[in-house]
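A.B. asks: Modelling step: build the complete structure from the supplied sequences, incorporating the hints.
Residue numbering for the sequence shown is 0 to 433, as defined by numbering that gives the first Met the number 0.
The hints are simulated quantities; they were obtained by calculation from the structure and are not laboratory data. For clarity, every value in this text was computed on a predicted model and none was experimentally measured. Don't take each hint at face value.
[Said to hold, decoys possible] The calculated label-pair distances, taken between Cβ atoms and stated as ranges, are:
id, residue 1, residue 2, range
1, F29, R86, 32 to 40 angstroms
2, L428, F94, 43 to 51 angstroms
3, T288, K310, 34 to 42 angstroms
4, G357, H85, 52 to 60 angstroms
5, Q27, R336, 33 to 41 angstroms
6, G357, E46, 36 to 44 angstroms
7, L321, W361, 26 to 34 angstroms
8, R47, L19, 40 to 48 angstroms
9, F29, E313, 42 to 50 angstroms
10, P208, K6, 40 to 48 angstroms
11, E106, K310, 29 to 37 angstroms
12, F94, K5, 45 to 53 angstroms
[As the list claims (entries may be wrong)] Here are the simulated SDA-like cross-link-like pairs (lysine to any residue), alpha carbons at most 25 angstroms apart as the crow flies:
id, residue 1, residue 2
13, K426, E20
14, K31, R218
15, K122, H85
16, K332, D409
17, K426, T207
18, K31, N351
19, K99, N351
20, K5, A360
21, K332, A274
22, K426, V45
23, K31, R340
24, K6, P424
25, K395, N351
26, K300, K332
27, K395, S206
28, K122, D154
29, K219, P113
30, K395, F35
31, K219, T182
32, K5, P42
33, K300, E320
34, K426, G165
35, K426, R340
36, K5, K426
37, K426, V166
38, K122, H163
39, K122, E79
40, K99, M111
Ideal Cβ positions, reconstructed from N, Cα and C, are used throughout, including at glycine.
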Amino acid sequence: MNTPLKKRYRQSALLLRRALETIPLASQTFSKSKVFYPEGASPLFVERAAGSRLWDVDGNEYIDFVSGLGAILLGYNVAEVTEAVHRQLQNGVTFTLPHKLEMGVAELLVDMIPCAEMVRFGKNGSDATAAAIRLVRAFTGRDHIAVCGYHGWHDWYIGSTSRHLGVPQDVRALTHTFSYNDTDSLAQVFSSHPNRIAAVILEPVSSTPPRAGFLEEVRKMTHEQGALLVFDEIVTGFRIAAGGAQEFFGVTPDLATVGKGMGNGFPVSAVVGRADIMRWMEDIFFSGTFGGETISLAASKAVLEAVRRDKVPEMLRQRGELLAGELESLLHKHRVREIFRCNGYPAQTGLNVTDAGGYTAWEIRTLFMQETCARGILTLGVHNLSYAHSDDDIMKLLNAYDEILPLIRDAVRDRRLHEILEAEPLKPLFQVRQ
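C.D. replies: This is the structure we're talking about:
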């Protein structure tokens, strides 16, 4: 059926068929693929981006609230970052010896992040969390890990989820999940594996804020059990505060991992923490040819300086509070609280979708994405604000929601959702093991 939406995404459809010939899933990242974007009802390939805007291969323009899965902190193609990269490019990218940019960026991180006394770099979040886990195991002499949240694709973590194909059972048996805001579930992990837990690693905040005292209780319990506390701040670092969630909530872990917005789209991450622990990096093997690659470090230096100079987290919080407040009003206005719920924190609010009216959350989410994309809004339901997002961008998002929310409400109520859908419903990628 050659519907208007099919015409709108014609080039995306052609490129998808081509890409599938040589690239499994047609993407390097699950969250950028047709697993997350409904085929025929959303863009699948990008042409370019600038500021808060993104253009797909069909020439359609969007206000992008996905922001490269949170990697775009300042905005796309920001001049000062691009210029810093160009300057370094003229002098080289990867060398035979370390470059002074490594210590320059490390010093910035030590100055900004409360727990940071020493630093080692990686290229993505999974690099950093995997390195942190190897480090805590070496330091404590223990093998088991308690986890809460998402921590990347490496065996030590992904084996604890439903997408564990290819991970040995012996590896899976070393990772134990606990529930956020539930210290009793963490205590159960410790009691089930006495003197065997090397570390507790968690995202300090995600879709749900920590209840009063939760992070403090986790730190206290962890240390009482002789384990180390690791904050995975790949997402929250430099976004919720210049020093991350640990600065914002006033709870300092032993180690932390940072990435995503740290490079504003350039591939760079880091493990930071107490010097007595970090010095064990000299004994474990965490080493890569591109760990000190200077283009990404030049970008990171420019980003970190901008975060402090321009008070980026404060601006994100202000715009996020505006968005969250207005969104709550829309949910009330259109009587859709049985379908949607606003969650997250101001710099990264979310519109959570639930099962309703006999439809799954994923069926409803598919219609939601179809309608947002058709109105020039790119979102997965999460709003990763960047410094480039303006008040006008926020209002255009809210105006789109003002049209979409009652449309979805009526489609669910009248059992017409599949009549309106122009794509196959999305399906969940995996579930975190609880």
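A.B. asks: Would you list, in rising numerical order, the hints stated earlier that this structure does not obey?
C.D. replies: Checked against the structure, the hints that fail are numbers 2, 8, 9, 11, 14, 19, 21, 26, 33, while the rest are satisfied.
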